[in-house]
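**Student:** Sequence:
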Amino acid sequence: MIFDTHAHYDDEQFDKDREELLASLSGHNIGRVVNIGANIESTKAAVTLAQKYPFIYAAVGVHPSDAGEMSEDVCRWLKSLTELKKVVAVGEIGLDYYWDKDASVRENQKKWFIRQLDLARECGLPVSIHSRDAACDTLDIMRAHGRDLGGVIHCFSYSVEMAREYVKMGYYIGIGGVVTFKNARTVKAVVEDIPLERIVLETDCPYLAPEPNRGKRNSSLNLPYVVEAISQIKGLSREKVEDVTWRNAMALYRMEA
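One point on numbering: in numbering that gives the first Met the number 0, the residue at position 80 of the sequence shown is 79, and numbering is uninterrupted.
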């Protein structure tokens, strides 16, 4: 079975066929999905999906690009959601400097990243970390505030050396469709270097579809392409990759079989 540790099935790109698509997953060896919150509205939607579908779970949190939504009232609301049985993580949270160049905006991202890490600690939940063009600041904050939380560095895009640092802290590395891209040398090197026991599968759907579907809407149905890429890089069977990453994801989200 395959575990999609990071999806966004609440996205409007799924509005036309969401129910049909989700109903098809079990027949294609997709056993569990965690739908990730990215802002207030998507967090609400993630919880709703988790309540509707037995195989879907939710993470609750506010993405750095939406940090302007954050307040202590929002934190209290997020904390209330973590008491729900199928909420398994705080996320996605972190830093994203790709679009936001303004120093004050970046400082606000840092403030609410740290606050949501503290929230995860208060609730005893792992975290799903988003980091784009913010490698050093993310690592510094994680060392200071997230070292003992546990979680996943989602859609990992940094160096082998940085992956090793997160693995040392007990984090999993999220690998998705990018690993199938011909020019994705860094991600391939990370997959080759770190133990399979620290890798989890993800789609980030509807984004980042793997080859041969690059540029199209992504879904969990594309994860076999990611499994195949990892199996080739590591010289392991597809069955081994599926089995180990499934167990990794169950451990990441502290689920019982």
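Quick caveat, the hints were computed from the structure, so don't treat them as lab data. Note that the coordinates shown come from a computational prediction; the quantities given were computed from them, not determined experimentally. For glycine and all other residues, C-beta sits at the position ideal for the given N, C-alpha and C. Among these hints, one or two may not hold up.
What the hints assert, rightly or not - Between beta-carbon pairs, the in silico distance windows are: (1) Ser158 x Met249: 25 to 33 Å; (2) Ala188 x Arg237: 35 to 43 Å; (3) Asp192 x Ala256: 27 to 35 Å; (4) Tyr206 x Ala134: 34 to 42 Å; (5) Gly67 x Tyr206: 27 to 35 Å; (6) Ala134 x Glu19: 36 to 44 Å; (7) Ser79 x Gly234: 42 to 50 Å; (8) Ala102 x Lys167: 24 to 32 Å; (9) Asn212 x Ser156: 37 to 45 Å; (10) Gly67 x Gln231: 17 to 25 Å; (11) Pro194 x Asp117: 44 to 52 Å; (12) Glu19 x Asp192: 14 to 22 Å; (13) Ser236 x Asp72: 33 to 41 Å; (14) Ala22 x Asp132: 15 to 23 Å.
**Student:** Taking the hints in turn, state whether each one holds.
**Tutor:** Checked hints:
1. Range check, Ser158 to Met249: Cβ separation about 28 Å, and the 25 to 33 Å hint holds.
2. Separated by about 21 Å at the C-beta atoms, Ala188 and Arg237 break the suggested range of 35 to 43 Å.
3. Asp192 and Ala256 have their C-beta atoms about 29 Å apart, which keeps the hinted 27 to 35 Å range intact.
4. Tyr206 and Ala134 have their C-beta atoms about 20 Å apart, which leaves the hinted 34 to 42 Å range violated.
5. The supplied range of 27 to 35 Å is broken by Gly67 and Tyr206, whose beta-carbon atoms lie about 22 Å from each other.
6. One distance hint, 36 to 44 Å for the beta-carbon pair Ala134 and Glu19, holds here, with the actual separation near 39 Å.
7. Restraint check, Ser79 to Gly234: a C-beta distance of roughly 47 Å satisfies the suggested window 42 to 50 Å.
8. For the hinted restraint 24 to 32 Å between Ala102 and Lys167, the CB-CB distance of approximately 30 Å keeps it satisfied.
9. A hinted range of 37 to 45 Å is violated for the C-beta pair Asn212 and Ser156, which are about 20 Å apart.
10. With their beta carbons about 42 Å apart, Gly67 and Gln231 fall outside the hinted range of 17 to 25 Å.
11. Remark: the range hint 44 to 52 Å for Pro194 to Asp117 is contradicted by a beta-carbon distance near 29 Å.
12. Checking the proposed 14 to 22 Å range against Glu19 and Asp192 shows it is violated: the Cβ atoms sit about 39 Å from each other.
13. Distance hint check: the CB atoms of Ser236 and Asp72 are about 50 Å apart, inconsistent with the given range 33 to 41 Å.
14. Between Ala22 and Asp132 the Cβ separation comes to about 37 Å, which falls outside the hinted range of 15 to 23 Å.
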